[in-house]
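There are 2 protein chains.
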Amino acid sequence: MTILTQPCLEINLSNLLENFFTLQKIAKPAIAAAVVKDDAYGLGAEQIVSLLYGVAGCHHFFVAHAVEGAKIAPLADKAVVYVLQGIGQDNLEIFKQFPQLIPVISCPEMFAFWKQNRLVGRKPVIHIETGLNRLGFREKELAALSNADKNEFSLVMSHLACGDEKDHFMNAYQLDNFNKLKNLYFPKIPASLAASDGVFLSHDFHWNMVRLGAAMYGINTAPYRENQMKNVVTVAAPILQIADLPKGQFVGYSATYRANTNRKIAIVSIGYGDGLPRSLSNVGKVFFKNGSDLHEARIIGRVSMDNIICDVTGIDNLQVGDMAYLAADFYTLDDMGRDAGTISYEIMSRLGKNTRFIRKYVK
Amino acid sequence: MTILTQPCLEINLSNLLENFFTLQKIAKPAIAAAVVKDDAYGLGAEQIVSLLYGVAGCHHFFVAHAVEGAKIAPLADKAVVYVLQGIGQDNLEIFKQFPQLIPVISCPEMFAFWKQNRLVGRKPVIHIETGLNRLGFREKELAALSNADKNEFSLVMSHLACGDEKDHFMNAYQLDNFNKLKNLYFPKIPASLAASDGVFLSHDFHWNMVRLGAAMYGINTAPYRENQMKNVVTVAAPILQIADLPKGQFVGYSATYRANTNRKIAIVSIGYGDGLPRSLSNVGKVFFKNGSDLHEARIIGRVSMDNIICDVTGIDNLQVGDMAYLAADFYTLDDMGRDAGTISYEIMSRLGKNTRFIRKYVK
Chain V
1 MTILTQPCLE INLSNLLENF FTLQKIAKPA IAAAVVKDDA YGLGAEQIVS
51 LLYGVAGCHH FFVAHAVEGA KIAPLADKAV VYVLQGIGQD NLEIFKQFPQ
101 LIPVISCPEM FAFWKQNRLV GRKPVIHIET GLNRLGFREK ELAALSNADK
151 NEFSLVMSHL ACGDEKDHFM NAYQLDNFNK LKNLYFPKIP ASLAASDGVF
201 LSHDFHWNMV RLGAAMYGIN TAPYRENQMK NVVTVAAPIL QIADLPKGQF
251 VGYSATYRAN TNRKIAIVSI GYGDGLPRSL SNVGKVFFKN GSDLHEARII
301 GRVSMDNIIC DVTGIDNLQV GDMAYLAADF YTLDDMGRDA GTISYEIMSR
351 LGKNTRFIRK YVK
Chain C
1 MTILTQPCLE INLSNLLENF FTLQKIAKPA IAAAVVKDDA YGLGAEQIVS
51 LLYGVAGCHH FFVAHAVEGA KIAPLADKAV VYVLQGIGQD NLEIFKQFPQ
101 LIPVISCPEM FAFWKQNRLV GRKPVIHIET GLNRLGFREK ELAALSNADK
151 NEFSLVMSHL ACGDEKDHFM NAYQLDNFNK LKNLYFPKIP ASLAASDGVF
201 LSHDFHWNMV RLGAAMYGIN TAPYRENQMK NVVTVAAPIL QIADLPKGQF
251 VGYSATYRAN TNRKIAIVSI GYGDGLPRSL SNVGKVFFKN GSDLHEARII
301 GRVSMDNIIC DVTGIDNLQV GDMAYLAADF YTLDDMGRDA GTISYEIMSR
351 LGKNTRFIRK YVK
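Just so you know, the sequences run in chain order V and C.
Heads up: the first sequence begins at 1 in the working numbering, then just goes up one per residue.
Heads up: the second sequence begins at 1 in the working numbering, then just goes up one per residue.
If you're looking for bench data, these hints aren't it; they were derived computationally from the structure.
You can take every hint at face value.
If several chains are the same, the list does not tell them apart, and a pair holds so long as it fits within one copy or across any two.
Think about it this way: if two alpha-carbon atoms lie no more than 16 Å apart in a straight line, the pair counts; the simulated EDC-like pairs of lysine to aspartate or glutamate are:
| no. | residue 1 | residue 2 |
| --- | --- | --- |
| 1 | Lys123 | Glu152 |
| 2 | Lys140 | Asp244 |
| 3 | Lys71 | Glu46 |
| 4 | Lys360 | Asp90 |
Quick caveat: nothing in here was measured; it's all calculated off a predicted structure.
Looking at chain V on its own, in the form it has when it is part of the complex (with noise of 0.2 Å):
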């Protein structure tokens, strides 16, 4: 028997650059550009970069944050690192120290900003909004800009609101819009459009460069259909205890789970303080291996912080040590999104922050 305490992350390297490659293929002759932001949706953007950089050739990487890009930035030192949330005075020493950093710029007052502190050689993005209602420049925005101001950027860009959803009426909306404001008011420079879910959706919407990220990192950006991707995150915690559960006792923080008959529980080092969601209370999946054998089980009771409770009833041969496994191919993070009432993105975002994982990066 071995005792364990620690949870383990693993993330899949080779199969994060096969759905690179995968996507790549797809979207040609389109550029594409790798989104990093939030520490590469929390898997390591230092270790992505450099593999997407070195092996991939991928010369164009999105950040939210220009903080996000210093730190990619010296990693691949011919890339182009656009920053998302674009520039102002609290970054502006940063974008001064890379000039690889390009920035995003989505309105005017921060356009106006650019403009009192251009910075040589560098010409930046402009967003653009054609639905999302987010992030952009309106359309009376863009024909407030003089002609001069237009020559300033280099690459026009705007976001999808549900380019998960292939038939919803957003897309077309969404794409005549860029067209027209595009074509309108920069028809000489490039355009990028798609990010992971519209590069499935057609070859209208790749525009000169797309924006891979969820479906990069496995998530299923197409959930119409059997995802195409390969799934890159595993997270498994050793059992730290099994033990009886009595009829009529009680379980967990609140005592929001009674055992109405005798249960067998094991209590797995993994909490929400590792990234796993609170919402997964008395609905979350585990799985157990015994060979080739794959056995399901159920949290009970509240997840707390450092431990989640299962009810591993029936479940023969287990014992203190064995690895549970929360998320894997066989149950990926969409599927835990499910049953978490969330979605794979902000679990992935959060689980890859935790720095009580043993992380391992499988090439």
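Given the coordinates of chain V, work out where chain C should sit on it, guided by the hints.
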């Protein structure tokens, strides 16, 4: 006008210290230990341990994992650091390296491991089960211990399931169990039963040591009455853009919000990638300061990874670069937890792990 891009997390160490002293006073003469697991609930174990050790004279700390203990032990060199997840093959070397770490043993298998790998000069804690049905020796396992076994331990502990509900039957039930088991099996060693919530129940729950966590960080662990604790966490993020939202248009991913009248929106630079729960989509609150006035607004549409969209219709004088407050003394993480369908503990743990914040410790 100031253009800003980064969200901000402010941690008020004076209030944290005051909370510690308040709790310590209630629990006197019990020893006040500080629970700093999960990087001090995400708020920064190193800063908080240094403060509690240096200023408050706290000499007893609890972490979940040995790796967490290794980070703080050097900052509090005369302190004892209890490791709740215990000891095993995967952290034995850390225990050897840091003599201050004391494992909490919660089952016979781990105890057997301990006996094979005893560390000279250290006496572990025994965790006993009294009703939570999580970690801890069950009674039949206690009954199987020899006298020599029982003499291995320096402290006996258990944990309450429903300490945040003053009149919950589980409190008396667990206290009775603890009394009985403690006196029967460990009559001569000190005992610890209460975490923050137990401190507020009654003196009977205090025993020799209380474990101060959530309440010290400002969370209301006695929600049956007004919070006695000072707020520790403030979260703010700048407005990146202000725009009109015409009647009939949709907002955010999956177009989950539609404007039934003309609205004004603000796009704020914080999202679930920063630890804001995605379950605040279409329900979360945001506040804007205008001198001493406080204006309340709603998050509309889905929370995305880097941004939220807020309905700021009717709030005058707002401009790009103004700060939106997501959590503060007027809307605490407890309030946010209620709106997000979870508890403040989970949100605090997530927010604190965000590396994109401008993080500020106020003394």
